[in-house]
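Enquirer: Both chains are sitting in their own frames, so use the hints and assemble them into the complex.
These protein sequences, in sequence, are chains A and B.
So for the first sequence, this note's numbering puts the first residue at 719; every next one is plus one.
So for the second sequence, this note's numbering puts the first residue at 29; every next one is plus one.
One should not assume that every hint holds.
[Claimed, not checked] Okay, the calculated beta carbon distance ranges per label pair:
{"id": "1", "chain 1": "A", "residue 1": "Leu-736", "chain 2": "B", "residue 2": "Arg-46", "range": "28 to 34 Å"}
{"id": "2", "chain 1": "B", "residue 1": "Arg-901", "chain 2": "A", "residue 2": "Arg-749", "range": "46 to 52 Å"}
{"id": "3", "chain 1": "A", "residue 1": "Arg-733", "chain 2": "B", "residue 2": "Asp-72", "range": "21 to 27 Å"}
Calculated directly from the structure, the hints in this document are not laboratory data.
Bear in mind that the values here come from a model prediction, so they are computed numbers and not experimental data.
Think of the CB as a built atom: it goes at the ideal place given N, C-alpha and C, for glycine as much as any other residue.
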Amino acid sequence: MHGYAITERVEQISRDVLRIEAGSLYPALHRMEEAGWVRSEWDVSDNNRRARFYTITGAGRRRLAEEEEHWTRLTGAVERVLRLA
Amino acid sequence: MRVLRRLLNVWRGRTLARDFDDEIAFHIEQRIDANLRRGLTREDAIVEAQRHFGSVIRAREGMREARVAEWIPAFGRDLRVALRMARRQPGLAALTMITLSLGVGATASVFALIDGMLIRPLPYHDADRLVTVGDTFRTGPPRTGPTIPELLDVRAAATVFDGLSWVDWRDFQIGGGTEPARVMGARAEVALLQVLGVTPALGRLFTEADATPGQPPVAILTDGLWRTNFAADAAIVGKRIVLNGLPTEVVGVLPAGFQFDFFAADPVDLYVPYPMIAAYTSRTAEFANVRRVIAVGRLKRGVAQEQADAEVVAVARRIEADHADLYRIGADRRDVGFAMHAEPLQRTLFAGSERTATLLSTAAALLLLIACVNMGQFLLAHALERRTEIAVRSALGASRVRLVRQLAAESLVLAAIAAAGGLLQAEGFIYLLRTYSMSQDPFVASRIELNGSVALFTIGTAAVVASLCNLVALVRWARPAPLHALATRELAPPTRARYVLLAGQVAVAVTFLAITGLLVHSITRLNAGDRGYTTDDVISLRLRAVARLQGPAVGEMYRRYLERLRAIPDIEAVAIANAQLPLFPSTNFAVDGGRADAATLSAQRAAYTIISPDYFKTLGIPVRSGRTFTDDDRAGRPPVAIVNEEMAHTFWPGQQVIGRQVRAGEGPRSALMTIVGVVGNVRPAMQLEPIPQVYVSLLQQPEPIVTMLIRSRQGRPVPLESIKQAVWSVTPDQPLFDVRLLSEWLTTFTAEPRRSLAVLLGSGALLAVFISGAGMFTLVTYVTVRRRREIALRRAIGAGVRDVVRLVSAPTIRWTCVGLLVGLVAATSGSGILRANFAGVAPTEPALLAIVSALYLAIGCAAVWAPALSALRDDPAEILRSE
Chain A
719 MHGYAITERV
729 EQISRDVLRI
739 EAGSLYPALH
749 RMEEAGWVRS
759 EWDVSDNNRR
769 ARFYTITGAG
779 RRRLAEEEEH
789 WTRLTGAVER
799 VLRLA
Chain B
29 MRVLRRLLNV
39 WRGRTLARDF
49 DDEIAFHIEQ
59 RIDANLRRGL
69 TREDAIVEAQ
79 RHFGSVIRAR
89 EGMREARVAE
99 WIPAFGRDLR
109 VALRMARRQP
119 GLAALTMITL
129 SLGVGATASV
139 FALIDGMLIR
149 PLPYHDADRL
159 VTVGDTFRTG
169 PPRTGPTIPE
179 LLDVRAAATV
189 FDGLSWVDWR
199 DFQIGGGTEP
209 ARVMGARAEV
219 ALLQVLGVTP
229 ALGRLFTEAD
239 ATPGQPPVAI
249 LTDGLWRTNF
259 AADAAIVGKR
269 IVLNGLPTEV
279 VGVLPAGFQF
289 DFFAADPVDL
299 YVPYPMIAAY
309 TSRTAEFANV
319 RRVIAVGRLK
329 RGVAQEQADA
339 EVVAVARRIE
349 ADHADLYRIG
359 ADRRDVGFAM
369 HAEPLQRTLF
379 AGSERTATLL
389 STAAALLLLI
399 ACVNMGQFLL
409 AHALERRTEI
419 AVRSALGASR
429 VRLVRQLAAE
439 SLVLAAIAAA
449 GGLLQAEGFI
459 YLLRTYSMSQ
469 DPFVASRIEL
479 NGSVALFTIG
489 TAAVVASLCN
499 LVALVRWARP
509 APLHALATRE
519 LAPPTRARYV
529 LLAGQVAVAV
539 TFLAITGLLV
549 HSITRLNAGD
559 RGYTTDDVIS
569 LRLRAVARLQ
579 GPAVGEMYRR
589 YLERLRAIPD
599 IEAVAIANAQ
609 LPLFPSTNFA
619 VDGGRADAAT
629 LSAQRAAYTI
639 ISPDYFKTLG
649 IPVRSGRTFT
659 DDDRAGRPPV
669 AIVNEEMAHT
679 FWPGQQVIGR
689 QVRAGEGPRS
699 ALMTIVGVVG
709 NVRPAMQLEP
719 IPQVYVSLLQ
729 QPEPIVTMLI
739 RSRQGRPVPL
749 ESIKQAVWSV
759 TPDQPLFDVR
769 LLSEWLTTFT
779 AEPRRSLAVL
789 LGSGALLAVF
799 ISGAGMFTLV
809 TYVTVRRRRE
819 IALRRAIGAG
829 VRDVVRLVSA
839 PTIRWTCVGL
849 LVGLVAATSG
859 SGILRANFAG
869 VAPTEPALLA
879 IVSALYLAIG
889 CAAVWAPALS
899 ALRDDPAEIL
909 RSE
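Isolated chain B, as found in the complex (with noise of 0.2 Å):
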């Protein structure tokens, strides 16, 4: 009832205001009728009755602030009077919103990242019942897949599943389609996605008895592939289409979204049941101890994970007891601590990602306290200022509540704008986010998001800031007592925190901004100058040789590809590699003559490129002695090698190179050449020193999975249509993937992480510059205001300029010196780190520290500058006298 009559009072506010004056009116009148009767004049009357009321406008506020109704138009006009405090200071205003919505920014595009990690279930029905489990060993990788005999074990006796199968990953050939294709297909065990809760869009799933040795095969494909390679067919279900050569009936279509590809190395295409077969189910089979699957599970309803796992364990102790002779290795029966243990599979998804999570959330976290920080420094310069207006506002009978909505109306305003700003930020932010980890998990990208929690999280930290900051503001404000404000304008000198927080905020600043130069830098380096090959013109495709080749059939194949190619007129040159630029070192290698113990030989690392013959021709590498491979450099002739002039440099300095003899090569590939041609340098991925470089003969050394670069006439294309006719009039069944131009490639490759990661880090340098540089602008502003007198006072009796500015900015420049150097030597020792991860790092780049530097200082001038050019365009006199 009271709660029903005080909604209405909000709907009745206009009149209750009038109901306050009426009420008022009446009162007053009712005393002037009785001194009328006690005989009064009617003036007299009047005035006596006015006297005795007392204050009207204090009577009218106390009954407003006694009605819940009253206090919404009342909050409404607090924030009026808010947004007006706003429009007189803009810059002051402006600054502060801008530095805390960046700092609610930045922390909210963190949490987006870890919602998306950690906290938003997996897209799966249920995901939160489903597990993974995998094998530990005391020694040994921390957690492996386990074997197919466990887990048929762990099936058969444990109780808390609903179900648990595996999956792994392979290569397919794909025909049947409009071309042939290589495609990758996961092999589920049959239960694999009843067990992550997936309906078919068309057709089935699979049953136990397509996985039974000798049945027919079939296949399950994703939506992807039956939209590209099957123009989405609704008929598909039953047809028959052609896998690695053999006949296989499609019996069901995923629906649109649906993935498990977090353990395979590229998106999955089509699901085959995990084929049944002895060799993986004994233990006494070929594959008996590969532990190459992933296991999932899905628990039972309202079994907990703990529980889960302690049967888990269980099982696998009664494992270990049945087959005590598999998990004994060595000559001493050696125990190897074998267990098996269940965990969220959202838990097994982003094991690595947590201590990331972590150190962002951190830095993120930091960044909104300085900012905080900040803000509470602003409004409490601000506050000063205003204090004659507080002081003056109480002693008119504005009451501590009345002064408690103003802030928090004010709170209110600053939480608006830094939730709106903040989420503006944090979706620049979360784009950066994306486009770093795109390079590095494009799963954790596709799941970084601007979604509903995290607006309210925006939302919320906003709001818990600004109250938090104002909350510092008003503690100093309400703490004088309002005529003592007015009498006096001393203030507290500015403590010593504050300009340790000023020194740190600025080293901060100077460490994020020489560290992000560091790295631009390195971009610059790594992209400046010749890497010794050129990519005009040149597009690259990938190759897998077909399932029925094997060994010198494979070279010999591609020989023919290449030959076709050669006679397309707009081709100028085509070449084939097993590895894709730009290099990595991939081999030890020895030396005609040169040292052979085991330690030289395992420092001597080469790139190791298996190539045909027109490749230095395809790509620009000049061939500087000797010659090039031909057809000749085949199977059964002398083994034959090209080396790098860097090579040739360290280890035949100023002599003949042609002829010498090298090993190189891992495992069974390792031979004796004899050098046959120096070629130049081709810079190596990520960094700017050559590296050594070998090349063998593709016919020499066969190779299934290849790159084919082919380099066109100028400004002529070859149509990619050409080329796969070219290709499929030796082998119809070749497919070919990834084509794309060999500079775009490069860029995706190297500089794109970088770039969103120097992106990142340099939207950090200038949120820490920006803050810093504001944080000596407030401080020098609240000492600029606080010896305003001082200051009229030294003027007037003759400082100048110089002196002026030195007294209001002197310890803030000293300490943002002190903040400065720190800055400086945490950098340097920081690019060390830099460096060990990011080749092209200068250790230290002089220049560059000389130039953050001055910018900084440049900055922190400016910051100190237009609060003391504010101090100085006071007349010292009407200071003085107004005091």
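The following block holds chain A by itself, in its conformation from the complex (with noise of 0.2 Å):
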């Protein structure tokens, strides 16, 4: 998945709520990247143009999960805090 592709697909996911901001978007994937989370090629894109494609790794799939149990725990317990409140 290229760049553009990602935006979209969260903005369209999200219902417009998530905007991704390119400026943060290009640095962050490629700050993982580097980190080893993604991998990146160049390939054709459906339109025929050249594009950097994105995919995740076994290091970023792991990451994502500890990412993801880190939110959940998090949102839980603001969700408790805001029923208790």
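Expert: What follows is the structure, given as structure tokens:
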């Protein structure tokens, strides 16, 4: 999936609630690649253009799982606080 | 894998940069396509896509920072910016670099000294296993050599040593070479060379049999002697040379570069076995209590120093118990507190130098610290001028990381230049240190060098110092929010601490300068004027009477040498004396009719010189009254003396001196003599004031070790060969050595050590002056920048040049004066210490102090003037409008 597709997809899934700034997305993707969480390669896009495609790696999945768990715990906690406060 | 990819990315750096642009372009194009599909016009589609994407620069910057591979080229860009900044302010940059490199250089050279003395292992195989063994007593000298019986006991009982040996040194006459010579011989116990781990270049080392009494004598030559006296004869082993008149077999030659001369009076030329005769080895024999040897041991592998020391202490306790009578002295059988200790050889060698090393490194560290603080101040002033630039850069999107990296790049440039400059400076300082230590200790001098570890130390110091200095600036830089910095230009006023620091710098610089001035002045004083003798056309050489002659025969032999030499036509005068010029007070004396109580006598010190008749003629010393010695003033005739004018004037003012009597001479030489002549004063060593001098006749006081002085007719130097032939016609095996011009000898002896010390101190002084001048400059620059607006305002409402200069420089000048005063007081008290160690130093030289103060104020004014002027050059209206 290339960078543009990622922004589109996030906007689509979140029903336009989450908008990703390109200026933040690309540095983030490159940082993740440096960290080995994603892999990238140049390929041809649907409309026959040269684009950079990102794929998640094994390390990236593990990291995602960790972050997800962390996020769940955090939101759960916030929810409980909101409910009881 | 990841690491590999990152490394690959470094090669792919250029491609990576294009990738960023392609990726961004693709994103924008996709958006344009989407917009077109949504029915926008092409123009609107493009505008919307670009707006939606946001700052392309920022995105590219972000991607670049994410990529490690991009850091290197980015750093290169930062370096170029840093160099450009330096080019923009060449004066400040140069000043900063020079200050820092001076500090680094001074520190590095002191490190080279410490490295040579304490860190670098001695040039022996496994040198860290070498120890010395010494005796200590509760009272008396801190450490003496053990006696031979003690060493034999330690060797028999101790288990920590692979070998334990000893050595002492003697003068030898050597024949069999190209000419008779005197050499310095080491009497080495047979194991010594094995203990030191040396392999002979030719032949063998000593064996047990060599030291057995009655065996034919053998010797091992050093490389130096083998080359100079035996023309590097490859077949020398097995040949016989003549040592002290005895045929001696050469059994080996040592390799070039080997030496163990630390405790010897002169460089060692050859080794002979230490004689294992009863006189040395028995506790009841003649030399049983002689403690002259140096004992060296090699520890077994894995034995710690402490363990070795503990065992030697234990053995010594047993020795003391076994021979209690030897270690209890006096009627009350007092315990003398005998003990033996083992310590690392290197520690023994440099025991006296550790304090000097500490002192020098403290001084160097202090200089470096001052330079470092200064550097921080420079960068601060520099940073202030760049505040706008930094603020603009960060407003334009340069991240914190970016700015820090910029600083790091500048640190690197700074460190590289400081390291390069420091190495150059260190080279100079090391040269000075080496010249200075050469006069104190040639071995230390030979070990001070700019080697790999010193270079590494220099680079490391430069890097640490540059980063530290930049850190100071960084703290100041990073603090204000960019917008705030753009909006206001308020800077904190310089703190009191910065002024106190400045005053401290000034005080150190002034002290250095004044003391150096006094020292240089003393050299001039000592060299100027009449010394009371002339060295023109005079050569000096040393002689040692051959071993078979004793007592009056020695004087008679010297008389015959002089007789032969006088016959050489080009020799104007020739004489023999026991002492080398210049003279030192060397004897107590009592005069006929003077006070004779102990206190007076011990205070009456005179230079005592044993001379042959033509001494005064040879050195051009005027005879004021009476006569000089003749060949008739010999043993068996009434003892006679000649005194100098100083002595005559002090003890017999306005009276007849000839015929008076004086008692002088140490120990067995002490004699009551009749004064037969009065001669002019000879300026004593390192001192301006004349001292009493007593001359006695060589024929009445025989002396084996003498200096011969030969004065040739003007412009017609006498060939050394004809002098040697004349001497050898009397005694064929007479060694002659140390031949040189008298003037040259005097220079090396008196002027050289002091000159190198003056240069050493002088460079320290210049360094301190430079640094403090730079400190003033920076401080005033800071104040000027800080008050730019205020100055403009004041000038706009009519303040003149003087008001402005006063405004920016008043506190700096005030604190400089404080520093100057402190420095002058310190210099005055410091000159006392200098006087105690160096004769000829004036107590205080008001003119000199005035010159130092004036010079210093001039430097101060110059340092203050430049930034003040730059403040005046600015157009006040311009500044007020721009703020």
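Enquirer: Does 28 to 34 Å hold as the CB distance between Leu-736/A and Arg-46/B, or does it fail?
Expert: holds (31 Å)
Enquirer: Against the range 21 to 27 Å, how does the distance between the Cβ atoms of Arg-733/A and Asp-72/B compare: consistent or not?
Expert: holds (25 Å)
Enquirer: Do the Cβ positions of Arg-901/B and Arg-749/A conform to the proposed distance bound of 46 to 52 Å?
Expert: Since the Cβ atoms of Arg-901/B and Arg-749/A sit about 49 Å apart, the hinted range of 46 to 52 Å holds.
The structure is consistent with each of the numbered hints, conforming to all of them.
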